[in-house]
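Given next are the chains, with one letter for each unit.
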Amino acid sequence: MKNLTLRRVAVALSLCGALVANQAFAQSTVSDMSAISVVVSVLAPAYFISEGGEYLVKGVEASGNGVLYVLEKVGTGVRGSVTVTANASGAVSVGVGEVISVTASSAGMLLVSAGRVLAIVPTELGKSLMKSKKIS
Amino acid sequence: MYKKYLLTATASLCFLTPGLVYAGQACEQKSPSVTMVTQGLALAVKTAAQLNASGAEVVIIGRVGQDLSKYGQHFSHIAFAYREGASWTIVHKLNECGTAVSNVFEQGMGQFFLDDPFKFEDAIAVPAPEVQQRILAVLKNPEKVLTEYIPQYSMLAYAWGNKYQQSNQWVLETLALAMEPQIKNREQAQAWLKFKGYEPSTLNIGPMTRLGARMFKANIAFDDHPNDKRFSDRIETVTADSVFDFLKKSGLGVSYFTVSL
Chain A
1 MKNLTLRRVA VALSLCGALV ANQAFAQSTV SDMSAISVVV SVLAPAYFIS
51 EGGEYLVKGV EASGNGVLYV LEKVGTGVRG SVTVTANASG AVSVGVGEVI
101 SVTASSAGML LVSAGRVLAI VPTELGKSLM KSKKIS
Chain B
1001 MYKKYLLTAT ASLCFLTPGL VYAGQACEQK SPSVTMVTQG LALAVKTAAQ
1051 LNASGAEVVI IGRVGQDLSK YGQHFSHIAF AYREGASWTI VHKLNECGTA
1101 VSNVFEQGMG QFFLDDPFKF EDAIAVPAPE VQQRILAVLK NPEKVLTEYI
1151 PQYSMLAYAW GNKYQQSNQW VLETLALAME PQIKNREQAQ AWLKFKGYEP
1201 STLNIGPMTR LGARMFKANI AFDDHPNDKR FSDRIETVTA DSVFDFLKKS
1251 GLGVSYFTVS L
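Note that the protein sequences, when read in sequence, are chains A and B. Residue numbers 1 to 136, in the numbering used here, belong to the letters of the first sequence in order. Residue numbers 1001 to 1261, in the numbering used here, belong to the letters of the second sequence in order.
No lab work stands behind these hints: they were computed from the structure. Each residue gets a CB set at the ideal place from its N, CA and C atoms; glycine is no exception. One or more of the hints may lead you astray.
[What the hints assert, rightly or not] So, partial list: chain B residues that the calculated Cβ filter (under 10 Å) puts toward chain A:
hint, residue
1, Pro1032
2, Ala1042
3, Ala1044
4, Thr1089
5, Val1091
6, Leu1094
7, Val1104
8, Phe1105
9, Gln1107
10, Gln1111
11, Leu1136
12, Ala1137
13, Gly1251
14, Leu1252
Pulled out of the complex, with its shape left as it was, chain B reads as follows (with noise of 0.2 Å):
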């Protein structure tokens, strides 16, 4: 009988663990440390004056978030980033805690750094300035910067579905639109960006690691991606190290610099 009851118990904890790794990590509420906090905000005051000294108007910048070494990115979550004066706006997705919608939001730099980062470091590119301004007529119009935007999301989103979106896919749809006037929707944004020859990562994500996030996290979900890549554990997303690349290669970038504590 203890058998019967071993079993039952091993499946429960397994059932009930996720849970509790989950729930401590994108969703907690607590206020954060000291330490997080002057950091955070040592490093957005250091950006920022980097920021100014560049000359730049426009860019878009990216910071590690966490450690994602394992998938061979370094850089988690990329935003636009304008200068408004001698500060800058950051222009961003973000995933409602816990759920599977997200919005997008305008904030100071200090906020784009409390995040509890794994690093204290971030990237910028600068766009050529024809890009910059065909940016920011985008991010000032408040009728154009959501052309791309759609609340459903998950964060493995499939970089050429429309049924989710992911932070670092808005960013990249967002800027197609700002080079093509003639973009009205997601798909004609991903078709320019193919045209262009972006390349979104291919991250190995096997059966069991797909299961356990659709079971466990309201925001993954992997029905998006063809079955032939998803159950040969390839999963093809955009990363923001894949925008970096893609700005390099396509020349719409024209420089780069980093940004550390």
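For reference, chain A alone in the conformation it holds in the complex (with noise of 0.2 Å):
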């Protein structure tokens, strides 16, 4: 009877994996692009973000175009502020107090906290590269 028992089991395991197992087919869906957030503007010392390094999050608040963040340079205390776009994914979340580090990608300067890219501070190359609208 127990090995009965483990049987249907079994058999309800197998067409279970049979129906989980196999993601049928994908082409793309939106929400994994709008997932970068885009800076729209850069209050600082010209060097401030293009240099890069780690950076210190000093504030954090709505604004008009997105969500301002207040940033102090590890090391040197040099202050300045991003104008990061709001992400309908939510995924700008950094707080005060966490350090963000930016590197350069080939389309602007990137805005990472914990590997994850934040936003971009795009080049004039990487806004062409980083437009989207809907026209449906």
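Could you fit the two chains together into a complex? Lean on the hints.
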């Protein structure tokens, strides 16, 4: 009897496996692409973001364009702010006291927290690469 | 008594697990990794440079969104791309995450590769110059570009049906519209494609997979497929690879290249 029950469980699990194991096919969804915000303005000395490094988040405020982050460059005490577009996915979620890093990419500087990209400060080339508009 | 609990628990696990599996795939909301973003942007820059060097004004571009090798497919998603100065605009149809709805977007080349691809590789089909001009005239005409579009979406929409429309199907039907100005709707576009020899891919998808997909994914349906094909596991749909094959066979495309990191 015990064997019969176990067999039933095994059959149930194998059917379950057949149902879940095969992600049928996929093209593309909108979600992943909206996960990177774009920095719309940087108020700071010109080199503040462009030289990269680590930054301490000193303040977070809602602004008309999105969210304004007050940053202080670690080791220098130099402060500046960046305004990041609000993100539909809510991906931008760093808080005061956290450290973010800024690293270069071929389209602009990336604001990074724990290995994840929060936002991009696009170059002119980057702006053209990152545009997105729904037309339907 | 414990046997009843064991079977109930097994059944519960079965019905809960797919939600977890699928939720973590198509609808992920977390920020992308640095590696993915830097590589995606690098591929975008490299692709745009090669497109500029090709002299093309309009192309059809495909990416490898995921591993489809078990279905005998390589590229997963195609789009139109046209040149604006030194940059390129992608026009394609995207599924709104977790729903059965889709929309057409104009995007930059970077956005095209920030979809967590399986491989950082793309394929470019360059249409004949006259074909490029015909496509461009449709893409830039707000009254024309959505002629073939319907919002109802199924990832595996029947290639010759009009109940749903997946991303690759919109590109293919819009190509037909560009080539034959008399076309006014999807049925006519599909008739033109049949006449020109387009052949959809036939994917072998068994009943359990169909059931699982239908139960747990809002964006997959099979009720548009003819019963004789559906119940013999033959799902005919528009794949990226089949569109590239058609461009080659029909002569609408004249050159091809791939770009990878």
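Each hint tested on the structure:
With a least beta-carbon distance of about 5 Å to chain A, the hint placing proline 1032 of chain B at the interface is held under the 10 Å criterion. Against a cut-off of 10 Å between C-beta atoms, the interface hint on alanine 1042 of chain B holds, since the closest Cβ of chain A lies about 5 Å away. Proximity of alanine 1044 of chain B to chain A holds as hinted, the smallest CB-CB distance being about 5 Å (cut-off 10 Å). With a least beta-carbon distance of about 8 Å to chain A, the hint placing threonine 1089 of chain B at the interface is held under the 10 Å criterion.
Interface hint status for valine 1091 of chain B: upheld, as the beta-carbon distance to the closest one in chain A is roughly 8 Å, under 10 Å. For leucine 1094 of chain B, the suggested interface contact is upheld, since its CB lies about 5 Å from the closest CB of chain A, less than 10 Å. Against a cut-off of 10 Å between C-beta atoms, the interface hint on valine 1104 of chain B holds, since the closest Cβ of chain A lies about 4 Å away. Look at phenylalanine 1105 of chain B: its Cβ gets to within about 5 Å of chain A, closer than 10 Å, so that hint holds up.
The interface hint given for glutamine 1107 of chain B holds, since its Cβ lies 5 Å from the closest Cβ of chain A, which is under the 10 Å cut-off. A cut of 10 Å between beta carbons decides the hint on glutamine 1111 of chain B: the least distance to chain A is about 5 Å, and the hint holds. Because the smallest distance between the Cβ of leucine 1136 of chain B and any Cβ of chain A comes to about 15 Å, over 10 Å, the interface hint for this residue is violated. A hinted interface residue such as alanine 1137 of chain B counts as satisfied when its beta carbon comes closer than 10 Å to some beta carbon of chain A; here the least separation is about 16 Å, so the hint is violated.
Taking 10 Å as the C-beta contact cut-off toward chain A, the hint placing glycine 1251 of chain B at the interface is violated, the least distance being around 26 Å. Hint status for leucine 1252 of chain B: violated, given a least beta-carbon distance of 21 Å to chain A, over 10 Å.
Violated hints, listed in ascending order, are 11, 12, 13 and 14; each of the other numbered hints is respected by the structure.
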